[in-house]
Amino acid sequence: MSESSESPLVLVHRPPTLPYMDHHLSRNFRLLNAHASPDPLTVFLARHASSVTAFVNIGRLKIDAELLTHLPSLQLLVWTSVGIDHVDLAECKRRGIAITNAGDAFSDDVADCAVGLLISVLRRIPAGDRYVRSGKWAKPGEFQLGIKVSSQNHNSHYVPAAAL
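For the sequence shown, the working numbering gives the first residue as 1, with consecutive numbering after it.
The set of hints was computed from the structure by calculation and includes no laboratory data.
One thing to keep in mind: the hints can contain errors.
[Said to hold, decoys possible] The list that follows gives simulated cross-link-like pairs (lysine to any residue, SDA-like), each with its CA atoms no further than 20 Å apart: (1) Lys62 <-> Gly83; (2) Lys148 <-> Ile119; (3) Lys93 <-> Lys148; (4) Lys139 <-> Ser150; (5) Lys148 <-> Ile99; (6) Lys62 <-> Arg95; (7) Lys148 <-> Ala105; (8) Lys62 <-> Ala114; (9) Lys62 <-> Leu41; (10) Lys93 <-> Ala127; (11) Lys93 <-> Ala114; (12) Lys62 <-> Arg27; (13) Lys93 <-> Val121; (14) Lys148 <-> Arg95.
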């Protein structure tokens, strides 16, 4: 990009409590922060967004043909989430708008969380926490212990070759 050209205008739509991207984006782009306006989104877009070339959406705002009419210069939609089921893909394709999202960036984190939740449920960690906080722990034998993950048969569909 030449120094004489203006940096692209990027629309940022996010909850006001998630400012983590603003600093990074503002280094290279002019930002239009829809979340900072008291106006309804369509009014805000009609007033300010005709030259927006990229739209960063942190959340699940529905992107349909009506919303896209307010963004005639839009070339790129960016989501920080995985799904795009809230986007009118056919309309974006018709308008030549490229779309990108987080892809499988969070897959390992989701798997880690699932394993943590499995252990938490089997070992009854939340119930044990409530039990201890209630003061009932002083009465021995009242709390039923959880199940060990290592003692579970995780291959219930597996039949050893020797058994066939």
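How the hints compare with the structure:
Distance restraint check for Lys62 and Gly83: the Cα-Cα separation of roughly 12 Å lies within the 20 Å cut-off, and the hinted pair is therefore satisfied. The hinted pair formed by Lys148 and Ile119 meets the criterion: a straight-line CA distance of about 8 Å does not exceed 20 Å. Straight-line distance between C-alpha atoms of Lys93 and Lys148 comes to about 51 Å, which puts the hinted pair past the 20 Å bound. Proximity of Lys139 to Ser150 is assessed by CA-CA distance (about 28 Å); at most 20 Å being required, the pair is judged violated.
Restraint check: the Cα-Cα separation between Lys148 and Ile99 comes to about 45 Å, which exceeds 20 Å; the hinted pair is violated. For the proposed pair Lys62 and Arg95, the alpha carbon gap of about 17 Å is at most 20 Å, so the pair holds. Distance hint between Lys148 and Ala105 is unfulfilled; the C-alpha atoms sit about 31 Å from each other, more than 20 Å. Restraint check for Lys62 and Ala114: not satisfied, since their Cα atoms lie roughly 28 Å apart, outside the 20 Å limit.
Proposed proximity of Lys62 and Leu41 is supported: the alpha carbons are some 11 Å apart, at most 20 Å. Taken as a hint, the Lys93 and Ala127 pair is broken in the structure, with Cα atoms around 50 Å apart against an allowance of 20 Å. Proposed proximity of Lys93 and Ala114 is contradicted: the alpha carbons are some 35 Å apart, above 20 Å. This hinted pair does not check out: Lys62 and Arg27 have alpha carbons roughly 27 Å apart, beyond 20 Å.
At most 20 Å may separate the alpha-carbon atoms for a hinted pair to count; Lys93 and Val121 exceed this at roughly 44 Å. This hinted pair does not check out: Lys148 and Arg95 have alpha carbons roughly 55 Å apart, beyond 20 Å.
In terms of the numbered hints stated before, the structure departs from hints 3, 4, 5, 7, 8, 10, 11, 12, 13, 14, listed from lowest to highest.
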